[in-house]
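Asker: Here are the chains, one letter per residue:
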Amino acid sequence: MTTRAPIDLLPRPAKLSRRGFVGGLSAGILGAAATEANAETLADVPDRGPGADLSAHSERSRFAKLDRIPEATPGKRNVDPGDAINSKTPHQKLVGNITPTDLHYERSHSGVPDIDPAQHRLLIHGMVSKPLVFSVEDLKRMPSVTRVVFIECTGNGWENWKKADPDVTVQNTHGLVSTNEWTGVPLKFLIDLVARDKGANWMLAEGGDGAGVDRSIPLTDEIVNEAFVAYGQNGEPLRPAHGFPMRLLMPGFEGNLNIKWLRRLKFGNAPWMTRWETARYTQLLADGKARQFQLRMETNSVITQPSGMMQIQPGYNRISGLAWSGHGKIAKVEISTDGAKSWKQAQLSLPVLSKAQVRFQMDWVWDGKPTRIVSRSTDEKGNVQPDRQSFIAAMGTNALFHYNAQQTWSIDEAGRVRNVLA
Amino acid sequence: MSSHDKLLLAGVLALGLLAAPALAFDFGRPATPQDIKLWDIDVGPDGKGLPDGSGTAVQGKQIFADNCAACHGDNGVGGIKDRLAGGQGTLASNMPVKTVGSFWPYATTLFDYIRRAMPYPTPGSLSTDETYALTAYILSLNGIVPADGKVDRDSLPKIRMPNRDGFIPEAEFDPAKLFRKK
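Going line by line, the protein sequences match chains P and C.
The first sequence runs 1 to 422 under the working numbering.
The second sequence runs 1001 to 1182 under the working numbering.
A few of these clues could be false.
Claimed, not checked - No farther apart than 30 Å at their CA atoms in a straight line, the calculated lysine-lysine pairs in the DSS-like style are these:
#1 P:K198 / C:K1177
#2 P:K381 / C:K1177
#3 P:K140 / P:K130
#4 P:K65 / P:K76
#5 P:K289 / C:K1048
#6 C:K1081 / P:K198
#7 P:K188 / C:K1081
#8 P:K289 / C:K1177
#9 C:K1081 / P:K289
#10 P:K188 / C:K1158
#11 C:K1037 / P:K289
#12 C:K1081 / P:K130
#13 C:K1081 / P:K76
#14 C:K1037 / P:K140
#15 P:K341 / P:K198
It should be emphasised that the hints constitute simulated quantities derived from the structure, not laboratory data.
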């Protein structure tokens, strides 16, 4: 993956002290744990020598502490894993565009089933000429596609609907979106194999988990051309938490539609009105009506560095974050360092892919005065990430899902970064 | 035909097979009616997919106490998991209470969800009649069927849920308009 060399939008401050520079970096990038002592001079760097034995499976450095946060409902964090309904990605400690496989966020409705792929089957039936049963090996023999896409739980951002807890990280506020490379069989190929009937414009996708999570999917041209049944994740078989041995991949659409442990596709001519498209994943508006089939994930972005619970020093700081849109590619990301009064365009780390997260960054010299930083993304279709006030005016505060308002971080005179509402 | 010719012919045939476009029969196997019957559990809002059988709210009360109350509370209120009853009239307030009675638009979804997902530790363990009985009981807790009411495949799709008109389809994916010929 190539990255465009950063252009300094601002000249380096001439009087940048070494101490300030180190302080700025210590805000927490890469999640390195505090070492025993910093190497002040090169003589303090430990001598070289033979390292540990090579192994069949490489582990992260013991100095890199990276963990997801299991969560129950909004505000109930670090719960017992038995009570968790999701587990969030530590975006404040990550770099680049791809989420490490073991840190991809997870939302599971009935735990993580332990499925032997030899005993897993995919049944495709309903309004088709040739109902078929496939094994995992059958799918692996078929033509495949590989694509980098984000998956986002519709609950991403749900911490901030009604209030902003100041003492949370970006992992709490935006940890329910991740980007991986997925490999699998195009839905179109499977549709052709079973010979879908004319008029079979809806498809029920059902999982092999305890809850049998199922969703109705409208077979628009976009979905037929882009959806696929994935068995590969970042080059390896899917992790169980992400649907092993196969899941539906719906680029740009609600995470819940990307049915994990997929075992049935049924074609029909109307939605089934399942629990997950009526009682859940509908957005209650202020007037008591609920938006339904709001299937596409909106234009979004968040600054991950610096972000909630970090502390920065006056002087040079690099602002970095992630942007994504279910409509296509991100066209631009703008950053304000004065509480949304003025905006500057950030750089995007190439390549900018459709329906994938992209890293943005910008140089910033903080003058040490309290301020607010915020990002807003615009996608290739012209959708602009809304400011919180206009967003809440349209959606109310009860929707629970599909929160994509701009995220504001306040910075006080001590450099403490906190979650606030704009 | 000489043995050389036979060899050549065999080679041409083999090549021909390799070059032929992949046939549908190359992937998977036909699903039998028995296969489909075993897994075809979904129920639509029109009642399609509902099985034969029935259950009453009175029967459901005991089944609920035995299988559901531990998580959902007595009478579907006050448990550690989703509240199932009450909440009507709260959806436009600052503290909306979304339950089967106040929010769910279709009674068929309740049968489908109980059958596929509940009880949480042992989904699929209840009989069809028990599932109908639980459906009737939860609806009765919300005043939607009488306390001595009964539901079956004919009556369930005819029940009009209080919040049936409470949903606004997103324009892009509105089932009433999508795929209509222009």
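Asker: Within a Cα-Cα threshold of 30 Å, do P:K381 and C:K1177 meet the stated pairing?
Answerer: The given pair, whose Cα atoms are some 23 Å apart, holds under the 30 Å limit.
Asker: Given the hinted pair P:K188 and C:K1158, is their alpha-carbon gap at most 30 Å?
Answerer: violated, 36 Å
Asker: Given the hint that P:K341 pairs with P:K198, test it: the Cα-Cα distance must not exceed 30 Å.
Answerer: violated, 53 Å
Asker: Checking one constraint from the list: CA of C:K1081 to CA of P:K130, max 30 Å. Satisfied?
Answerer: violated, 41 Å
Asker: Would you check the hint for P:K188 and C:K1081, treating anything up to 30 Å between C-alpha atoms as holding?
Answerer: Not satisfied, since the Cα-Cα distance of roughly 39 Å exceeds 30 Å.
Asker: Starting from C:K1081, check that the Cα of P:K289 is at most 30 Å away, please.
Answerer: holds, 24 Å
Asker: Can you confirm whether the C-alpha distance between P:K289 and C:K1177 stays at or below 30 Å?
Answerer: Within the cut-off at roughly 19 Å; holds.
Asker: Quick one, are C:K1081 and P:K198 close enough, alpha carbons at most 30 Å?
Answerer: Violated. C:K1081 to P:K198 sits at ~42 Å, over the 30 Å cutoff.
Asker: Under the criterion that the straight-line Cα-Cα distance not exceed 30 Å, is the pair C:K1081, P:K76 satisfied?
Answerer: holds, 14 Å
Asker: Going straight from one Cα to the other, do P:K198 and C:K1177 come out at no more than 30 Å?
Answerer: holds, 17 Å
Asker: CA of C:K1037 to CA of P:K289, is that 30 Å or under?
Answerer: Not OK: C:K1037 and P:K289 at ~37 Å, beyond 30 Å, violated.
Asker: Is the Cα-Cα distance between P:K140 and P:K130 30 Å or less?
Answerer: With a Cα-Cα distance of about 20 Å, the restraint between P:K140 and P:K130 holds, given a limit of 30 Å.
Checked against the numbered hints given earlier, the structure breaks hints 6, 7, 10, 11, 12 and 15 and satisfies all the rest.
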